[in-house]
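Peer 1: If you read the sequences in order, they're chains D and X. Numbering follows this note's numbering, with no gaps: position 4 of the first sequence is 4. Numbering follows this note's numbering, with no gaps: position 39 of the second sequence is 39.
Read the hints as simulated data drawn from the structure, not as lab findings. None of these values were measured; they are calculated from a predicted model. Among these hints, one or two may not hold up.
[What the hints assert, rightly or not] Taking lysine-lysine and the DSS-like style, the derived pairs with C-alpha atoms no more than 25 Å apart in a straight line are:
#, chain 1, residue 1, chain 2, residue 2
1, X, 1, X, 68
2, X, 1, D, 13
3, D, 57, X, 1
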Amino acid sequence: KAGVTQTPRYLIKTRGQQVTLSCSPISGHRSVSWYQQTPGQGLQFLFEYFSETQRNKGNFPGRFSGRQFSNSRSEMNVSTLELGDSALYLCASSPDDRGWEGYTFGSGTRLTVV
Amino acid sequence: KQEVTQIPAALSVPEGENLVLNCSFTDSAIYNLQWFRQDPGKGLTSLLLIQSSQREQTSGRLNASLDKSSGRSTLYIAASQPGDSATYLCAVVDSWGKLQFGAGTQVVVTP
Numbered sequence: 001k002a003g004v005t006q007t008p009r010y011l012i013k014t015r016g017q018q019v020t021l022s023c024s025p026i027s028g029h030r031s032v033s034w035y036q037q038t039p040g041q042g043l044q045f046l047f048e049y050f051s052e053t054q055r056n057k058g059n060f061p062g063r064f065s066g067r068q069f070s071n072s073r074s075e076m077n078v079s080t081l082e083l084g085d086s087a088l089y090l091c092a093s094s095p096d097d098r099g100w101e102g103y104t105f106g107s108g109t110r111l112t113v114v
Numbered sequence: 001k002q003e004v005t006q007i008p009a010a011l012s013v014p015e016g017e018n019l020v021l022n023c024s025f026t027d028s029a030i031y032n033l034q035w036f037r038q039d040p041g042k043g044l045t046s047l048l049l050i051q052s053s054q055r056e057q058t059s060g061r062l063n064a065s066l067d068k069s070s071g072r073s074t075l076y077i078a079a080s081q082p083g084d085s086a087t088y089l090c091a092v093v094d095s096w097g098k099l100q101f102g103a104g105t106q107v108v109v110t111p
C-alpha cells in the first residue's frame with residue numbers, strides 16, 4: 001500500500017516568487033492536512049481538507065492557500081515568498097475527518113527561499 | 001487553547017537503558033493522541049495511536065499510556081538501541097480533527 005507522497009522533495013525559490021506543493025494521500029483517505037515545520041516554531045497547522053472542502057485553517061497569512069481535488073490529492077500554494085517561509089512542509093492524510101484512525105505523514109517538501 | 005508540552009527536551013542514554021518520554025496537554029477534551037518519530041530532515045513516522053477511550057497501546061518494545069483526566073501521556077521504549085536515536089513528537093487530536101504537537105524530545109542512544 002503506497003504511503004503519502006509529497007512532491008517535489010526539495011525546492012529553492014527566490015523571494016517574491018510563488019510555489020505550489022503537491023500531496024497525494026493514501027488510497028481511500030479523504031482528509032489531507034498541511035503543516036509547516038521550522039526550528040523556531042516547531043510544527044504548525046496550516047489547513048485541512050476533507051472531500052474537497054477546507055474544514056480548518058491555521059493562523060497563517062492569506063499568501064498560504066490550498067485546495068483538494070476530487071481524487072483527494074491536495075496542493076498548497078504560497079505566493080509572494082518571504083525568507084521566513086523557508087521550512088519543511090509536511091502533509092498528512094487520514095481516512096476520516098476527525099483523525100479517529102490517526103494520521104500518516106509524507107516525507108515532506110523542503111522549501112528554501114533565497 | 002490547547003498546549004502540548006514534552007519533557008525533557010533532550011535525553012541521552014546508553015544502549016540498553018529504558019526510555020521514558022513525557023507529554024502533557026492542557027485541555028482533556030481530546031479525540032486521540034498519537035506518538036511520532038522524526039529522523040533529521042525526514043517526515044514523521046507514526047509509532048502509536050491511543051484513542052480517547054483507551055488507556056494504553058503497545059507495539060513491540062514501545063508502550064504508550066494515556067491519562068486524559070490528568071492531561072498526560074508517557075511513551076516507554078524498552079532496551080533502547082542506537083537506532084532509536086531520533087526526535088519523538090506527541091500530538092493530540094482535538095474535536096475538529098486537528099493535530100496539536102509538542103516541541104518534541106530529542107533522544108540520543110549511545111553504543
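Peer 1: Hint by hint, where does the structure go against what was stated? Just the numbers, ascending.
Peer 2: Checked against the structure, the only hint that fails is number 2, while the rest are satisfied.
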